[in-house]
Amino acid sequence: MENLTNAFLLLFTVFLIVALGYVSQASLFGPVGSIVIILLSVIAIPILTAFALRLYINLFTKISLGKS
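Take the sequence shown: its position 16, counting from 1, is numbered 16 in the numbering used here, and each next residue is one higher.
None of these hints come from the bench; they were simulated from the model.
Do not take every clue at face value.
To be verified - Label pairs and their in silico Cβ distance ranges:
| id | residue 1 | residue 2 | range |
| --- | --- | --- | --- |
| 1 | 60 | 12 | 37 to 47 Å |
| 2 | 9 | 34 | 20 to 30 Å |
| 3 | 20 | 51 | 11 to 21 Å |
| 4 | 19 | 66 | 32 to 42 Å |
| 5 | 66 | 31 | 51 to 61 Å |
| 6 | 38 | 62 | 28 to 38 Å |
| 7 | 65 | 32 | 41 to 51 Å |
| 8 | 54 | 19 | 21 to 31 Å |
| 9 | 38 | 65 | 32 to 42 Å |
| 10 | 18 | 63 | 36 to 46 Å |
| 11 | 35 | 60 | 35 to 45 Å |
Just so you know, even glycine gets a beta-carbon here, dropped at the ideal spot from N, CA and C.
Put together the whole structure using the sequences plus the hints.
Pasting the structure below:
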């Protein structure tokens, strides 16, 4: 259950980064905000998402093998 919680928190963090990035790029930072959200979108978000998916896959593999 801990892996599921960690994966959910990672995906929620990704969602917050994207949502806050798009809002702040337009209203607060202008072109600098655009560069930051592009870097986050290209580098950080895929890494976090891949890690969360790996946690999900490990969790479901354990469940399907009968381990908990």
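Assessment of proposed distance window 21 to 31 Å (beta carbons of residue 54, residue 19)
With Cβ atoms ~23 Å apart, the hint holds.
Cβ distance range 36 to 46 Å for residue 18 and residue 63, holds or violated:
Cβ of residue 18 to Cβ of residue 63: about 29 Å, so the range 36 to 46 Å is violated.
Tell me if the beta carbons of residue 66 and residue 31 are separated by a distance inside 51 to 61 Å.
Given a distance of about 54 Å, which is inside 51 to 61 Å, the answer is holds.
For the pair residue 38 and residue 65, does the Cβ-Cβ distance stay inside 32 to 42 Å?
Holds, at about 41 Å.
Is the distance from the Cβ of residue 60 to the Cβ of residue 12 consistent with 37 to 47 Å?
Once the Cβ atoms are compared, 19 Å apart, the range 37 to 47 Å for residue 12 and residue 60 is violated.
Residue 20 versus residue 51 beta-carbon gap, inside 11 to 21 Å or not:
holds (20 Å)
Against the range 41 to 51 Å, how does the distance between the Cβ atoms of residue 65 and residue 32 compare: consistent or not?
holds (48 Å)
Can you tell me whether the CB distance of residue 38 to residue 62 sits inside 28 to 38 Å?
With a Cβ separation near 37 Å, residue 38 and residue 62 satisfy 28 to 38 Å, so the hint holds.
Range agreement (Cβ of residue 66 with Cβ of residue 19, hint 32 to 42 Å)
38 Å Cβ-Cβ, so the 32 to 42 Å window holds.
Has the hinted range 20 to 30 Å been met by the Cβ atoms of residue 9 and residue 34?
holds (27 Å)
Residue 35 paired with residue 60, Cβ distance criterion 35 to 45 Å:
holds (37 Å)
Hint check: violations occur at hints 1, 10; the rest are consistent with the structure.
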